[in-house]
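Undergrad: Residue numbers (the working numbering), protein chains in the order written: chain A, 1 to 438; chain B, 439 to 649.
It is possible that some hints are incorrect.
Claimed, not checked - Below, in silico cross-link-like pairs of lysine-lysine (DSS-like), each with a Cα-Cα straight-line distance of 27 Å or less:
1. A/Lys265 <-> A/Lys118
2. A/Lys272 <-> A/Lys379
3. B/Lys628 <-> A/Lys295
4. B/Lys447 <-> B/Lys466
5. B/Lys647 <-> B/Lys529
6. A/Lys379 <-> A/Lys98
7. A/Lys118 <-> A/Lys21
8. B/Lys447 <-> A/Lys118
9. B/Lys546 <-> A/Lys118
10. A/Lys361 <-> A/Lys347
11. B/Lys447 <-> A/Lys126
12. A/Lys379 <-> A/Lys361
13. A/Lys332 <-> A/Lys357
14. B/Lys466 <-> B/Lys529
15. A/Lys294 <-> B/Lys628
16. B/Lys529 <-> B/Lys546
17. B/Lys604 <-> A/Lys220
18. A/Lys183 <-> A/Lys126
To be verified - Some chain B residues near chain A, calculated using beta-carbon distances under 7 Å:
19. Gly455
20. Asn495
21. His504
22. Phe540
Unchecked claim - Partner residues are not named here, just some residues of chain A that face chain B (Cβ under 8 Å, in silico):
23. Glu117
24. His237
25. Lys295
26. Thr306
Quick caveat, the hints were computed from the structure, so don't treat them as lab data.
Using N, Cα and C, we set each Cβ at its ideal position, and we do this for glycine too.
Residue-level listing of the chains:
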Amino acid sequence: MTPKDVSTSENQSIQIMTRLKEETKAYHSKLEALPYFKALIEHILPLECYVNQLRALAVIHGVLENEMATSQDERVVDIWENGLRKLPLLEDDLAFFKPRVVSDASESIQAALAMTEKIRLKGIEKPTTLLGYLYVLEGSTLGNHMHRPDITATFHLNALDGCGYYSSYRDQVQTHWNRFSKKVNGIMDDPSLHNPVIEAAHEAFSGLEVLYTFLYPLRKTNVPFHVTRINPEAGNHPIPEDEREIEAALRASDRGWAEFPYYEKRYGERGKRFSDSDACWLVTLTALDQESLKKQMDWLLRVLATRGMPSLMLEKTLCFLYNELAAAVPEKTAMYEKLRGAADALKETRLRDIQEKDFQKLAGEFGQAVGPEMAASWKNTGELLVAAVADERNGTEGAVASVQGWLTDVDRFSGQWILAVNEILQKAEKVTYKRIKT
Amino acid sequence: MIEESVYEKYLSALLAGRRSECHDIVQKLLANGIDLKELYGKLFQRSMYQVGELWENNRITVANEHLATSITESLLNLAYPSIFATERIGKKAVISCSANEFHQVGGKMVADILELNGWDGHFLGANTPPEDMVQYIQEVKPDLVGLSLSIFSNIGHLERCIDVVKTDFPNMDLLIGGQAFRWGGTDTIKRHSRAEYVPSLDELERSIKGA
Chain A
1 MTPKDVSTSE NQSIQIMTRL KEETKAYHSK LEALPYFKAL IEHILPLECY
51 VNQLRALAVI HGVLENEMAT SQDERVVDIW ENGLRKLPLL EDDLAFFKPR
101 VVSDASESIQ AALAMTEKIR LKGIEKPTTL LGYLYVLEGS TLGNHMHRPD
151 ITATFHLNAL DGCGYYSSYR DQVQTHWNRF SKKVNGIMDD PSLHNPVIEA
201 AHEAFSGLEV LYTFLYPLRK TNVPFHVTRI NPEAGNHPIP EDEREIEAAL
251 RASDRGWAEF PYYEKRYGER GKRFSDSDAC WLVTLTALDQ ESLKKQMDWL
301 LRVLATRGMP SLMLEKTLCF LYNELAAAVP EKTAMYEKLR GAADALKETR
351 LRDIQEKDFQ KLAGEFGQAV GPEMAASWKN TGELLVAAVA DERNGTEGAV
401 ASVQGWLTDV DRFSGQWILA VNEILQKAEK VTYKRIKT
Chain B
439 MIEESVYEKY LSALLAGRRS ECHDIVQKLL ANGIDLKELY GKLFQRSMYQ
489 VGELWENNRI TVANEHLATS ITESLLNLAY PSIFATERIG KKAVISCSAN
539 EFHQVGGKMV ADILELNGWD GHFLGANTPP EDMVQYIQEV KPDLVGLSLS
589 IFSNIGHLER CIDVVKTDFP NMDLLIGGQA FRWGGTDTIK RHSRAEYVPS
639 LDELERSIKG A
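Use the sequences and the hints to build the structure in full.
TA: See the structure below:
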């Protein structure tokens, strides 16, 4: 199916929402006729199908919402608002079902990931076409409103528990939809923009058709957990198959963020999700030999340190990870020792050009310079700054700039703080330089 | 021969996502009769390795990387008329990415280079379960199997894949390569009989010419 010829005078006078509705009608009917929705209406849909629907949609919404929220395209910026976000609702629903461990259905997740690949490319090449996807997913709230009683009846749910996504906008669904339609029509008033958006809506429906076909009936999967259950935007990378290891990794990630509040302040909830999924991935590396694990750490160190996350964070996370894993799965402690070995190697590299006592002294001076309140609120930031200098000295170009830029932003910090940051970096550079010379 | 200025222009267009400019550069090279192996090795492979490094060093975003991959995949199609016009030599290869490996451009390029050398290169794509691969090998009966690995942490999946293939086809020649091995891991390959690490497209050609 292709969009109708936009050059006809008829189409030029039709608003985009009308065209979208008309030209996706067949797709919509096809989707609603799939066995998934029949089972839902008949109240025979298995819980694992519903939970995997939420997981797959979390993957799609996670990527789409981030693309829209960070888009530079003025039409996308005008249309997007935080109130359209569904990921928080999906995450709440998934958290509700978490105690009932449900295996991840890899085929539906792959279908969702295939859609996110297309969304990402649209975000760069033709941002306004993201509206085609948004139209389809926002339109789902109308269907969800209709199906909500089926969900609550099938799974014996109360209030919003486990069906927050299906309850989007509560009894204001139609009002919300009308407002959304008006806004989109107003902003997308140039008919030459319509066809690509309609094509994108077709693509979104096709993607969903594949996804829902996989969702019911579900095929048995060999992999119990997919990384997207931890972080919907993580794509595809391995995570442990033992739930105890996953829980241990998440605790280690929590400890890492508690140790360095800078991360939460800078990277927020989304950053934490990536920290969680990365911690899970780190566990899988224990299957490698020590040398191969070290090489992975060298790679990861460079990736993180150039993005504002000095190696000290990774070093500490590896220690936390070892402790948590050894406590949770003691029979595999010997295997986890490799994480400690990798942390020791990172520490050795970090302290190659600066002695531990100098490292601590400089970090302490930073705490004094910013005052007790800021030092407590930004615990261990001095350590991170000195570590960034060490990383740069060790060949990670851009490690200092990636923290300095953010931590000296005048809109974010006081003059006293900025001065302290710049001073500590200069001092650390001098100390490491002296050490190299001697 | 691809001049450095042409490469730089191509890379710049690739990183900026200027699909049609990349397309024009490749079309022009093809029209001038460029050696396809050089096109693959010195333009496609080199630029994608550089894209990977730039992402690692935070010089480009993951979105740029995805777009560059998408553009490169579409450009591979431009060479197909020449690739498939090569005289067949009656040999077959099955090329695949291991389970959980979703980066398929490298594997696709390997299959094309085989085609260019007169082989029938059957490319199974990303994330192929070992059992599916074995079934396909049974059907096609290839002279060799090629496995591509981009993400080092998937090496366990690759090993399982090798084991499964070797169990059913102990005498099958395996060629293994991919960006993942920049970080080590070639010892893993050496542990298996008739399994060879192929570090580049040139090496691949040398290897298959001896096969």
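Undergrad: Next step is simple, just say for each hint if it's right about the structure.
TA: Each hint tested on the structure:
no.: 1; hint: A/Lys265 <-> A/Lys118; in the structure: 31 Å, violated
no.: 2; hint: A/Lys272 <-> A/Lys379; in the structure: 17 Å, holds
no.: 3; hint: B/Lys628 <-> A/Lys295; in the structure: 19 Å, holds
no.: 4; hint: B/Lys447 <-> B/Lys466; in the structure: 13 Å, holds
no.: 5; hint: B/Lys647 <-> B/Lys529; in the structure: 11 Å, holds
no.: 6; hint: A/Lys379 <-> A/Lys98; in the structure: 32 Å, violated
no.: 7; hint: A/Lys118 <-> A/Lys21; in the structure: 22 Å, holds
no.: 8; hint: B/Lys447 <-> A/Lys118; in the structure: 26 Å, holds
no.: 9; hint: B/Lys546 <-> A/Lys118; in the structure: 20 Å, holds
no.: 10; hint: A/Lys361 <-> A/Lys347; in the structure: 17 Å, holds
no.: 11; hint: B/Lys447 <-> A/Lys126; in the structure: 22 Å, holds
no.: 12; hint: A/Lys379 <-> A/Lys361; in the structure: 15 Å, holds
no.: 13; hint: A/Lys332 <-> A/Lys357; in the structure: 34 Å, violated
no.: 14; hint: B/Lys466 <-> B/Lys529; in the structure: 31 Å, violated
no.: 15; hint: A/Lys294 <-> B/Lys628; in the structure: 20 Å, holds
no.: 16; hint: B/Lys529 <-> B/Lys546; in the structure: 17 Å, holds
no.: 17; hint: B/Lys604 <-> A/Lys220; in the structure: 26 Å, holds
no.: 18; hint: A/Lys183 <-> A/Lys126; in the structure: 20 Å, holds
no.: 19; hint: Gly455; in the structure: 6 Å, holds
no.: 20; hint: Asn495; in the structure: 5 Å, holds
no.: 21; hint: His504; in the structure: 5 Å, holds
no.: 22; hint: Phe540; in the structure: 5 Å, holds
no.: 23; hint: Glu117; in the structure: 7 Å, holds
no.: 24; hint: His237; in the structure: 7 Å, holds
no.: 25; hint: Lys295; in the structure: 4 Å, holds
no.: 26; hint: Thr306; in the structure: 4 Å, holds
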